[in-house]
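Chemist: Chain by chain, the residues:
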Amino acid sequence: MSAADHLLEVENLKVIFHGDRGRTTHAVDCLDLTVRRGQTLGLVGESGCGKSVTALAIMGLLPRGSAEVSGRIRFDRTDLLTLPDRAMRNLRGDRLAMIFQEPMTSLNPMYSIGDQIGETLIRHRSLSRRQARARTIELLRLVKIPSPEQRVDDYPHRLSGGMRQRVMIALALACDPMLLIADEPTAALDVTIQAQILDLMLDLKASTGAAIILITHDLGVVAEVCDEVAVMYAGEIVERAPVNVLFSSPQHPYTIGLLASMPRLDCRDAELAAIDGMVPNMAALPPGCRFAPRCPFVREICTQAPPPIVRIGPSHESRCIRAPLEQVLS
Amino acid sequence: MSGLLLEVEDVSRQFVVRRSVLGRPAAVLTAVDGVSFSLEAGETLAVVGESGSGKSTLGRLVLRLIDPTAGRIRFDGRDVTALKERELRPLRRNAQLIFQDPYASLNPRMTVGQILAEPLALHGIVPPSRRAERVNELLRLVGLEPRMISRYPHEFSGGQRQRIAIARALAVEPKLIVCDEPVSALDVSIRAQVINLLRDLQQRLGLSYIFISHDLAVVKHIADRIAVMHLGRIVEIGPNSTLFANPRHPYSRALLSAIPVSEPGAKRERIILRGETPSALHPPKGCAFHARCPFAVARCRTEQPDLVGGAHAAACHRADELPPAVNVVPHQGRLPRALARLVDAFRHRPDRQGGAGVDTVKTAGGMGAARMP
Numbered sequence: 001m002s003a004a005d006h007l008l009e010v011e012n013l014k015v016i017f018h019g020d021r022g023r024t025t026h027a028v029d030c031l032d033l034t035v036r037r038g039q040t041l042g043l044v045g046e047s048g049c050g051k052s053v054t055a056l057a058i059m060g061l062l063p064r065g066s067a068e069v070s071g072r073i074r075f076d077r078t079d080l081l082t083l084p085d086r087a088m089r090n091l092r093g094d095r096l097a098m099i100f101q102e103p104m105t106s107l108n109p110m111y112s113i114g115d116q117i118g119e120t121l122i123r124h125r126s127l128s129r130r131q132a133r134a135r136t137i138e139l140l141r142l143v144k145i146p147s148p149e150q151r152v153d154d155y156p157h158r159l160s161g162g163m164r165q166r167v168m169i170a171l172a173l174a175c176d177p178m179l180l181i182a183d184e185p186t187a188a189l190d191v192t193i194q195a196q197i198l199d200l201m202l203d204l205k206a207s208t209g210a211a212i213i214l215i216t217h218d219l220g221v222v223a224e225v226c227d228e229v230a231v232m233y234a235g236e237i238v239e240r241a242p243v244n245v246l247f248s249s250p251q252h253p254y255t256i257g258l259l260a261s262m263p264r265l266d267c268r269d270a271e272l273a274a275i276d277g278m279v280p281n282m283a284a285l286p287p288g289c290r291f292a293p294r295c296p297f298v299r300e301i302c303t304q305a306p307p308p309i310v311r312i313g314p315s316h317e318s319r320c321i322r323a324p325l326e327q328v329l330s
Numbered sequence: 001m002s003g004l005l006l007e008v009e010d011v012s013r014q015f016v017v018r019r020s021v022l023g024r025p026a027a028v029l030t031a032v033d034g035v036s037f038s039l040e041a042g043e044t045l046a047v048v049g050e051s052g053s054g055k056s057t058l059g060r061l062v063l064r065l066i067d068p069t070a071g072r073i074r075f076d077g078r079d080v081t082a083l084k085e086r087e088l089r090p091l092r093r094n095a096q097l098i099f100q101d102p103y104a105s106l107n108p109r110m111t112v113g114q115i116l117a118e119p120l121a122l123h124g125i126v127p128p129s130r131r132a133e134r135v136n137e138l139l140r141l142v143g144l145e146p147r148m149i150s151r152y153p154h155e156f157s158g159g160q161r162q163r164i165a166i167a168r169a170l171a172v173e174p175k176l177i178v179c180d181e182p183v184s185a186l187d188v189s190i191r192a193q194v195i196n197l198l199r200d201l202q203q204r205l206g207l208s209y210i211f212i213s214h215d216l217a218v219v220k221h222i223a224d225r226i227a228v229m230h231l232g233r234i235v236e237i238g239p240n241s242t243l244f245a246n247p248r249h250p251y252s253r254a255l256l257s258a259i260p261v262s263e264p265g266a267k268r269e270r271i272i273l274r275g276e277t278p279s280a281l282h283p284p285k286g287c288a289f290h291a292r293c294p295f296a297v298a299r300c301r302t303e304q305p306d307l308v309g310g311a312h313a314a315a316c317h318r319a320d321e322l323p324p325a326v327n328v329v330p331h332q333g334r335l336p337r338a339l340a341r342l343v344d345a346f347r348h349r350p351d352r353q354g355g356a357g358v359d360t361v362k363t364a365g366g367m368g369a370a371r372m373p
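Protein chains in written order, with the working numbering: chain A, 1 to 330; chain B, 1 to 373.
Source of the hints: derived by calculation from the structure; they are not laboratory data. Ideal Cβ positions, reconstructed from N, Cα and C, are used throughout, including at glycine. There may be inaccurate statements among the hints.
[Stated by the list, open to error] Derived lysine-lysine pairs resembling BS3-like cross-links, with alpha carbons at most 30 Å apart: (1) A:Lys205 / A:Lys144; (2) A:Lys144 / B:Lys285; (3) A:Lys205 / B:Lys267.
[As the list claims (entries may be wrong)] Some chain B residues close to chain A (C-beta under 10 Å, calculated; not the full set): (4) Gly49; (5) Gln160; (6) Val188; (7) His221; (8) Ile259; (9) Ser262; (10) Ala338; (11) Leu342.
[As the list claims (entries may be wrong)] Some chain A residues judged to face chain B by a derived CB distance under 7 Å, without partners named: (12) Asp190; (13) Val243; (14) Asp266.
Just chain A, with the same shape it has in the complex (with noise of 0.2 Å):
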């Protein structure tokens, strides 16, 4: 794997938020990763584990003023966190997209669809409002809404969610982007339209040869749409491995007990496995190995200092200083 074909590196990335009174809250630490061309990272974790203010990191959408971010976030050679914001909003809805979970506040409903994917085209573009249109139309087809003729001088009180979810990706895919991140794309749709849009999705990735950053909370997702995954917990990347590696072979602890907690369809087991206890407070951190508190497998060792990033495998690291966890069984 030559260092050409990484679309997006992400070293050493912080995130610290300053709240009232001197408050700071560390969301993101020390936070590396890497995307290849076309390549679909899932980014897993629960509530407040850091994958959504990661992803605004890179899209360069955190607020300036409360939020400080450091390290290096290279995309195609570039480093974004240097960039001017000039440069960053010519990059942002081109080379760079995202769709967000809720498809109802994220387009602006005094605009038909049509206008909101055509201001994209125009403002990168430069296409005519007439080009920008039949290019609009061109993508409603792309994403299987239907008669998009028509569609196109809809508002979106007038669309289901999962069609606003498609006019979402749309609009995200209208400059043909290199690297598209989307967050919780089918979290607030209901199972069969859940079922449409990952098809779609699946469909999307084969044709347009994007790279894909998907942020979800359901492994059942990544399972069927990742290539490869990273799992966070409280701010920290804790293991990342190959899809298929990661299923039948998990490393860390944290993402066994995920695995666990998850009711099987084959078995029903009288009482489901579960991660006792809670994420830990990211104003007032561990010591140690973060999920420490929670470990099933956690020694004196553990609490002491960081665990160690262990490298088991080409492209399988795990931060646990137990792993491989083969070992603790015998």
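Since the structure of chain A is already known, use the hints to place chain B on it.
Modeler: Quick look at chain B alone, frame taken from chain A:
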């Protein structure tokens, strides 16, 4: 199982969504349309379906929080369909509700102690002198510590709040709890704790549940029987294992095939439905599912099918002609042995006190405290 607790017979509920200038109904939405089912004591019936299928309305009808337009509801041998508000007291005590959103369902200006003591006082169950003691018991029952009694809801995490909501429902010692998406708003790891708690309480207290959910993997885990709703009607109802092994309605098949499973390349034939759920304001003629159904024939467009078939019933004209549902439910293989053993470490924690999923750890206020083995 010890006898029928609840019988719902042909219950419907219509809402007027628009009125004419003269106040006459101009548009009527039928949220629940001729639904019948029964529930035994100690049983869990899951009601599944997508948004707008009428599952929450059904839950509220059963509790008489809204009145049915037609049909009859019998609870514990007594017809409660036409009872007046005052006569409903016994029902209110015996049937409780847990909501989806633990952030909205607890009064932010009351302490946990007040929240739990209120139903005790309202129903005069426990004399004032013993209430504090009973509140302590309730907190322990749901895995919270009695010392949290004077805290306010904002000091708790989502999972803990849902435990408080469960304790409140349990305060009046009900026979039935309607759980309306009780774990949907919770994180995955917390979700498992609350599901374990619900099952543990059921076994200890002999509760019946109506478990409203859209998450079929959770339903598979917790339900004895499953009812699938589509646009206000039950389209299929049957025992958990039978319905999963052989779903008889095309809509149930589509729902089951869409369950995301944590196994890359799981063997399955995913059924992707075309189009959108039809509007409940203008339900299609015939079978409401026909526009999205891959098996629809002319008859489906004109004639509404009845729910037939005994213990495992389906409302589909073609239920007996459908191809066998071999790979509809995604096939999940066994976990690799090493992984299965690691997973087990999360199942039986030797130091765990009391029932399942009890966390003895701290609160949202002072976190970071650790419990070491």
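Chemist: Each hint: holds or not?
Modeler: Going down the list of hints, with the structure as the test:
Restraint check for A:Lys205 and A:Lys144: satisfied, since their Cα atoms lie roughly 15 Å apart, inside the 30 Å limit. The straight-line distance between the Cα atoms of A:Lys144 and B:Lys285 is roughly 26 Å, inside the 30 Å bound, and the hint therefore holds. For a cut-off of 30 Å, the pair hint linking A:Lys205 to B:Lys267 stands: about 21 Å separates their Cα positions. A cut of 10 Å between beta carbons decides the hint on B:Gly49: the least distance to chain A is about 9 Å, and the hint holds.
Satisfaction of the interface hint for B:Gln160 is found here, the shortest Cβ-Cβ separation to chain A being roughly 8 Å, below the 10 Å cut-off. Interface hint at B:Val188: satisfied, since its Cβ lies 5 Å from the closest Cβ of chain A, which is below the 10 Å cut-off. Look at B:His221: its Cβ gets to within about 4 Å of chain A, closer than 10 Å, so that hint holds up. With a least beta-carbon distance of about 7 Å to chain A, the hint placing B:Ile259 at the interface is held under the 10 Å criterion.
For the restraint placing B:Ser262 at the interface with chain A, the shortest Cβ-Cβ distance is roughly 4 Å, inside the 10 Å limit, so the hint holds. Nearest Cβ of chain A to the Cβ of B:Ala338: about 5 Å, under the 10 Å cut. The hint holds. Taken as an interface hint, B:Leu342 checks out: its beta carbon lies about 5 Å from the nearest beta carbon of chain A, inside 10 Å. Given the 7 Å rule on beta carbons, the hint for A:Asp190 holds: about 4 Å separates it from the nearest Cβ of chain B.
Contact between A:Val243 and chain B, as hinted, is supported at the beta carbon level, the nearest pair being about 5 Å apart and thus within 7 Å. For the restraint placing A:Asp266 at the interface with chain B, the shortest Cβ-Cβ distance is roughly 4 Å, inside the 7 Å limit, so the hint holds.
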